[in-house]
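*Asks:* Start from the sequences, fold in the hints, and give me the full structure.
Chains L and S, in that order, are what the protein sequence lines are. Remember, my numbering sits 172 above the position in the first sequence when you count from 1. Remember, my numbering sits 1 above the position in the second sequence when you count from 1.
Hints were generated in silico from the structure; no laboratory data involved. Be aware that one or more of the hints could be misleading.
[As the list claims (entries may be wrong)] What follows is a list of derived Cβ distance ranges for each label pair: (1) S:I105 to L:S274: 29 to 37 Å; (2) S:N81 to L:I358: 56 to 64 Å; (3) S:L106 to L:L339: 49 to 57 Å.
[What the hints assert, rightly or not] Just so you have them, the derived chain L footprint on chain S, three or more residues with Cβ under 8 Å: (4) 95-108; (5) 150-163.
[Unchecked claim] For lysine-lysine, the following DSSO-like pairs were computed, each having C-alpha atoms within a straight-line distance of at most 27 Å: (6) L:K308 to S:K94; (7) L:K275 to L:K341; (8) L:K308 to S:K108; (9) L:K324 to L:K275; (10) L:K319 to L:K248; (11) S:K108 to S:K77; (12) S:K155 to L:K308; (13) L:K353 to L:K320; (14) L:K308 to S:K157; (15) S:K155 to S:K77; (16) L:K275 to L:K332; (17) S:K182 to S:K157.
Yeah, the Cβ is synthetic: ideal placement off N, Cα and C, and Gly gets one too.
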Amino acid sequence: MKPKKHQLIPASSPEEARAIPIVADAAIATQAIGHGRLVPLIILDTSNRPDMDEVINAQEHVLNGELTVQWGAFPKRQDHFALILCFQHPIERTAIIEFNISKQGSIVEQIFQAGAIYLQSGRVGDRLKHDLDRPKMLVDVGVTGAKKFWDKIYFADLVKKMRRNGLKKSEARVRAQEYLKVLREIGSLRV
Amino acid sequence: MLGRVDIMNFIDWFDFPKSLSLAAFCISLFSLYFSGARSQLARAQEARKLPNLVLNLVHGQFQQGDAENGRLYAFKLMVNNRADNRNAIAAAKLSVTYLTETRILMKMVLIATDLPKTGFLMQEGQTLSVPIEVDAHNSVAGWVYFHAAEGLVKGKHIEQYELEITDTHDKVYSVSETFLKEVRGFEA
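*Replies:* Below you can see the structure in the form of structure tokens.
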């Protein structure tokens, strides 16, 4: 079946429909979770979304939560890719996390590689090393069918970036492929 | 002679094809009426086969345990199946609408637990454990339990409870409750 081009995102308030900015990123690899996979972590600026603090903290009190995961793109901002998370249990809420493809494309690539992402709430200037014990939510992104679209988008963005640096089209394509190969090799490292 | 004339007049007057078509028309009208009634009956029969559960909340209460045990919500339900087909309750959820300490309205969803956590008083009567089969034109009744960890409910101003059951056809039935009685006294 052909995927739908547009889909409504459930949001109970206007705040939920706005993307939550990412203030920092990191990656965590442990034997206990994900068999040593390098799982990316993003720290979200929840100063305007205190409900997300509640969602992330509540997750600490349940064994397994429930949510639906969807990737999306914006017609008016083609240089962005978004992860739409609809939390269902224990708290019902929607979060839209927007990634700038040029600057944060490697995080998206690593999310697809690991099949998961850690979410942590914070403020501008926060880093993972500041407080390792802060509540984190592990989101199983799984296979959504968005990978093939992402591969095309990211590859095109890399080629564009390399052409801006003075490379010819054919050379830029080769370099972009090499870059992706190295990125995926690093991403597939396990502890 | 008169009788003969009448019969002749009648024969002259009688238009066989017209009469036949009139009779056919009348028969088709009857047939249309009966087929309409039959179709209505069939539709009503099909409608009775559609999933139609009725959720009744008989009683609702909660017990507040210590920091380790959290809170246990107990609801006595009665579910009637009004349909001609069997159905089953596939999931039971409790949505708790609450205000956080920073006055944000949130909704917490708790999933029915099989057995109450230790340290809580068991209710007299059958415990309903999903999935629960409900025969056609039959009812099931019993207690459904929802456990909330202390961290989930501590400091929350609860606004409303909404109990939801979902049948095997993904049809959702719900009932709301604003006030729940707190039950005190725990097992040793």
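*Asks:* Does each hint fit the structure? Answer for all of them.
*Replies:* Each hint tested on the structure:
no., hint, verdict
1, S:I105 to L:S274: 29 to 37 Å, "34 Å, holds"
2, S:N81 to L:I358: 56 to 64 Å, "60 Å, holds"
3, S:L106 to L:L339: 49 to 57 Å, "53 Å, holds"
4, 95-108, "holds (count 6)"
5, 150-163, "holds (count 4)"
6, L:K308 to S:K94, "25 Å, holds"
7, L:K275 to L:K341, "21 Å, holds"
8, L:K308 to S:K108, "20 Å, holds"
9, L:K324 to L:K275, "17 Å, holds"
10, L:K319 to L:K248, "21 Å, holds"
11, S:K108 to S:K77, "22 Å, holds"
12, S:K155 to L:K308, "20 Å, holds"
13, L:K353 to L:K320, "16 Å, holds"
14, L:K308 to S:K157, "21 Å, holds"
15, S:K155 to S:K77, "24 Å, holds"
16, L:K275 to L:K332, "13 Å, holds"
17, S:K182 to S:K157, "17 Å, holds"
When the structure is compared with the earlier hints, no violation turns up for any of them.
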